[in-house]
Structures are given as C-alpha cells and as structure tokens.
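J.: From first to last, the protein sequence lines stand for chains E and A.
Heads up, the final residue of the first sequence is numbered 386 in the numbering used here, and it's a clean run with no missing numbers.
Heads up, the final residue of the second sequence is numbered 386 in the numbering used here, and it's a clean run with no missing numbers.
Think of the hints as simulated: they come from the structure by calculation, not from any bench.
Possibly wrong hints are sitting among the right ones.
[As the list claims (entries may be wrong)] Reference excerpt, derived from the structure (chain E facing chain A, CB under 7 Å, subset only):
id, residue
1, N37
2, A70
3, C212
4, A382
[Said to hold, decoys possible] Now the stretches of chain E that chain A is said to cover, found in silico as 3 or more residues with beta-carbon under 8 Å:
id, segment
5, 305-313
6, 328-336
[Stated by the list, open to error] Below, simulated EDC-like cross-link-like pairs (lysine to aspartate or glutamate); rule was C-alpha separation at most 16 Å, straight line:
id, chain 1, residue 1, chain 2, residue 2
7, A, K322, A, E337
8, E, K341, A, E383
9, A, K116, A, E88
10, E, K348, A, E383
11, A, K376, E, E379
12, E, K74, A, E334
13, E, K320, A, E73
14, A, K348, E, E383
15, A, K341, E, E383
16, A, K74, E, E334
17, A, K320, E, E73
18, E, K376, A, E379
19, A, K94, A, E27
For glycine and all other residues, C-beta sits at the position ideal for the given N, C-alpha and C.
Protein chains: 2
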Amino acid sequence: MNVKYGIAKAGIKPSGDYDILIVKFPESVYSLYLTQNSLAAAPVIYDRMVSQLNDTVEAFVVNSGNANAATGEKGFENAQKMAELVAEEFDIDKDQVLVFSTGVIGVQLPMNKVEKGIKQAVQNMKELDIKQASKAIMTTDSFPKYYQTKGEIEGKEFFIKGIAKGAGMIHPNMATMLAFIFTDVKIDKETLDKATKLVVERTFNSIDVDGCESTNDSVLFVATGDSEVEINQENKVYFAKKLYEVCLELAKMIVKDGEGATKLIQINVHQAQDKEEAKFIAESIALSNLFKTAMFGNDPNWGRILSAIGQTHLDIDFSKVKLFLGDFLLYSGEPVEFDRKEATNYMKNNKEITVDIYLERGEEDWTYYTCDLTYKYVEINAEYTT
Amino acid sequence: MNVKYGIAKAGIKPSGDYDILIVKFPESVYSLYLTQNSLAAAPVIYDRMVSQLNDTVEAFVVNSGNANAATGEKGFENAQKMAELVAEEFDIDKDQVLVFSTGVIGVQLPMNKVEKGIKQAVQNMKELDIKQASKAIMTTDSFPKYYQTKGEIEGKEFFIKGIAKGAGMIHPNMATMLAFIFTDVKIDKETLDKATKLVVERTFNSIDVDGCESTNDSVLFVATGDSEVEINQENKVYFAKKLYEVCLELAKMIVKDGEGATKLIQINVHQAQDKEEAKFIAESIALSNLFKTAMFGNDPNWGRILSAIGQTHLDIDFSKVKLFLGDFLLYSGEPVEFDRKEATNYMKNNKEITVDIYLERGEEDWTYYTCDLTYKYVEINAEYTT
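The shape of chain E in the complex, shown without the other chains (with noise of 0.2 Å):
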C-alpha cells in the first residue's frame, strides 16, 4: 500500500504532544463524509468546496489541539493556507490536499507552529504505520484507534487500514470524530462512493455518546489502486463487508473510550418496518440520559428503555414488543418475572451489553451502539476548559 505519513510535535496541544499529521499517497479516488452541523469548522468548509471540484486526492493534513472552528474568515484563510504549505512541500496541486482540525472551538490557530509543524513531517515521511499515525490525532482519547484488515479476490490480496479519534461530542451525523482509511484496490468514484456511503450510515452514523454533534466530524476513504485487487460488480459486496468490518472496529473504538463510559451498549432493534424506523428506535435509546444512567448503575430498568422507545412517537403496539438484556426476556407484551438478580450480574460483570428488542412490525433491523453516563462523564466536560 503506497501511502506515506509524517508527524511532528508543533506546540499546538498544550501538552506538547504529536499534534500535525500528513498523509501523502498517489493520486486516488475518494470518499467524503463532512459533518452536517451547521457551524461547520473552517477545514469542512474548505473540504467541501474542495471536494466538489475534484474526484482525486494526493494528500491530506490533520492537526489536533485546535479546531479551526467558529473562527470565521481568518479561520477559512488559515485552512486554506494549510493546504497550501503542504501542497508547496510536495509540489503538487493544492487543490489535491484536504485539511482536517479537532480540538478547541472558537481559537485561531497559531500559524506559524502549524507552518513549522508541516515542514517538520513532511522532511521524515515513512511506511503507513496506523498506531504511530493515529496518535497524532488524539485529544481527549484515552487510547489511540486503528485497525486493519486484508481480503482475497481472485488470489490477490488487497489491504485496508484505518485510523480514527473521538472520545466526546459524538453523535451521528459523527461527532468530534476523525477517521481515515486507507485501501490500495482498484475502484472507480461511483462504486466507493456507493460502498462507503452504507458502511458510514451503519458504523460512524450509528454510534453514540453524548448526543452532541461536532463542527469537525469527517471520514474519509482513499483508495489508491496500487494492488492488482480490482473492485467489480462481482466482488463489490466483499469488498464493502470487508469495509465494514474495518469501520465498525474504528466506530466502536470510539463509543468504548466515551468519555467517563464504562459500558459498550449494543441496542440491536429487529422486525421494524424499515430500516428508518429501525435505526430512529435503536437512536432514541441510545440517546436517552435515563436509559444511559441505569447502565451504569447496572439497573436492568426496561420501564425507560420502553419509554425512550414511546418517545418516538411512533404506533407502536407495545403488547407485542419483546426486550432482551443479554439472554434475559425482560419484557414481552407486558412485565415478565424474571431474576433480577442474575440480569444486575450480567451488567455487572460485562464491559459490553446487548439490548435486543422485537417489534413484530416487519423484518428490518438496525443495531446502535451507546455507552453508559457516569459521574466520569460529568466530571470530564464540567472540567474541560476551566
């Protein structure tokens, strides 16, 4: 795989870690998912336009520590000039260099660290190694996120290696969340387009913290074409399981190091009518402070995980509906008796739950991933700038 990174300690994070990342591959197809949050970050902005106008990209750049966000115009020409630096160094088209930010809203960024920062990673470009690139890129996370997978078509293997980061501000539609993968086979724009855009919506799109949504959250899938993999209508589902599989490792990453979260929750809800409804009714669980909070207290309290359910609004005929917490029937059609006891030990003891509900409506089905709401939580984001 012909990609290429370079990082550098520029004194952006106050705690004097790697906070410039760049990525230099040749030129590829991509995907870009951009937050919808309307206070877009100056480099989203930038990205947009940026991504309107080409089908390839060469490079890219991430700095974290600053979040180029609420920054107005300054903010735009400083994005801008990021690009710049780095398409200067590699002497390519700036318009082939996407830029990326995270950290702390509403501060300009110190430019000329930046600046010195960018020519620092670009003199020692090496190998891809995701762990080392993925540092780079870190804020509140407590643990760095990467993951890599290989396929096999037709006896030629093909990789894809991704990166991510995000701990808080997570909420579909992403979050304060960064990710990058990295693939080396043969696809047109069209056909990754199409893979990505059902692997965002069922990984990234479908995880949950804190409900808040971020002014930074973006994906992006390069595809460079330097194996002999090359995707067809034949092999495109294989290829984009195996996409998944890489996105849904980042994106549970990501809910597992939540902030103040001890818990991955997995709400898997079945036979709903479409996969709309599906997803909205696994959502409103997700995102429920009393739901969130009986996790942590290992409350196996299905009276809130229906109400959230009822908060949807939707006709639901909750005589039919069954709900599992682990391999306990906790509900179904009405209260069942069930051991307690047992049910608070397997909360208890298990860093990862399931929550599974039947709707006897239909046959789709969407699983969301949450986390727990602790004191932690409170701690960490009442804390954060002061």
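Given chain E, put chain A in place with the hints provided.
T.: Below, chain A without anything else, positioned relative to chain E:
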C-alpha cells in the same frame, strides 16, 4: 373557588407518605394535555377516551408511587376502576372523572390499597389547599410545587391556583409531570382550549431536565365558573396572561427541582425567522449534555452553545450571531475578548443563569428553561430501582 380536595396515605408509596389525591368541583369545562409518548400509561389512554366524549368534568383522582404504565389490559381496567370508585363515592357519572398516575413503570396497581385510599380521601374533603394537595402527588420531587394568583376584571376578582409535580423524565411534550390548574372564571371550552394551548406551549412544553419524555405527563385546566368573571373577546388576553404566570412559575419549579440540578438556566433565542425555529434552537441548546455539564462546571464555554445551535442543521449565518451569558458578550460574529474570571464568577454566584442568542434572521423569539447536568443526576438515576 368551589374546589374541594381530599388526600390519603394508601400505602402505594413505600415511604408511607400521602399518595392519593381526589379533587371535586362543580361540573366544569376543562382543557387536557396528555403525553405524546406512544407508551402512554393506562390512565392517559383512559383520559384520552373520556375527554373525547365529554366537554365537562366534575372530579379527578391521582395516585403517586405507581405510574400504571406498561401494564396492558389489566392496567386499563384498573384506571377505569379508579374512575368508577370515585364516581360512586360522589354519586356522579364515571365519565365525569379523570384519572392520573405517577411513579414506577411496569407494576400493576395494588387495587385493594387504591380502593381503601380513595374511600379514605373522600371521607375528609376540604376547601382546596394547594400546598397540602401538591404534597400528595410528589414522587422524586424534593419540594411541593404550587402557585396561585388572582386577577381583576371590571372590579370583579377571579383566582387561578395550580399544583404540579415533576423532577425527572422532564422533557417537552411534557414529562413525568402532572399539573392541575383551577380557575373560577366563566369561560367557554373553545376559549379555554385556545388560551391554555398557547400557555402550555410556552411553559410546560418549554422545559427540560433530562430530555426524557414520560408515559404519564398530563396537564389539566379546570374552570369552575363560580366567580362572577366572564371571559370574553375583550379580556381573554388578560386572562391568558394570568394563566401564563401560574404555569410559568410551576414549570420553573419543576426545572429548579430537576434531579441533581444546581442551576435554573433560561435560554432566550431572539430574532429568529419564526417561533418554531426559535424554539427548535433553544431546545437544541437546552438538551445538550455538553452545555449542561459546562453550566455545572461554571464554564462559559460558548463553543458548546454555538455547536448545539449548529446541530439544528439550520442555515444559520454565524457571522451575525451574538451570544450573551448573563451580561457578558461572549461571541459577536466571531470570538470576542471577555473577562473569563468575571463570567465564571457570575455562574458561580447565581442559581439562575440566562443565555441570550441574537440571530439577526427575523423577529420571533422563544424562551426555554433547562438545568445543569450534575454528579447528583447520575447518582439519582443510576440507583433508582436498585
């Protein structure tokens, strides 16, 4: 005001406190607002049916300690039985009795206790004492919620008296919130409906504690007509303003008593294109866990406020937005210098905080009330049933 009440300790609440309230009045016009949650509790389903059949009401009964929600057919029968028991005692038609419940979800009502409680409460009916009556409907409330005012029209006095309960599961379209408001004016149902709809939208439907809408939310307005004041075209605005005063005070008490809350936060959105937009934006801020934790941490974190506005996905021009925290201008099209220490002190030293957003898009405004998200909220809700 010809309104009588009776209370009883029926033993539904484990604490042994008052848990039955009966209120009796002459055949009166009324307006009733019930939860939109599709997991509507049995009494809500019952009241919804009864209120479609009758334009008048003569009594209602409330039990606390058990929500009679997610209780199926049996639950509905029990709600109906409560109405019948009260109707028998007063020798009135059972369709003239409304039923309300609040408390734990998913447990059948102990009907022998309920029956005894109703008989006991009826034994000792007295002139309405809103302080005493409000105590009988409390659940997790830390203080009883009641308020009264009087008005004068053409030299004649009228009264409005209200009681409410609620501290958690508080979210628009109401919450585990009950409110009962009585007035002695003469008014036709259509005018009462119009006035109360307006008022409910700006009060009980503009408060949030935890984003969680409940299965039992109900607001009832009763107009007994036993004063000499007649509400007509001329004075209806004055009457609505008085009603608003009572409902706003009760709604604010609910937010102040929000589980674990240390602050009441008033969010005023100004200069929106229309009322819906103003409310949508105010609500997005009020619901943000990141905003609510920042308020708890006395952190003037305007980035989280702007980001919550952006989460509406409206095409806001942030270069025109102004944001005040109390008297401190924090953002004016771009980040502005402000005295962070003084702003933090303002938050530390006040139990009521205001946030003002100016959008420069139009002339409509909306006010929303919310509270902070604290360790105590997590504690209360992680340990509710265990």
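J.: May I ask which of the numbered hints given earlier this structure violates, with the numbers listed in increasing order?
T.: none
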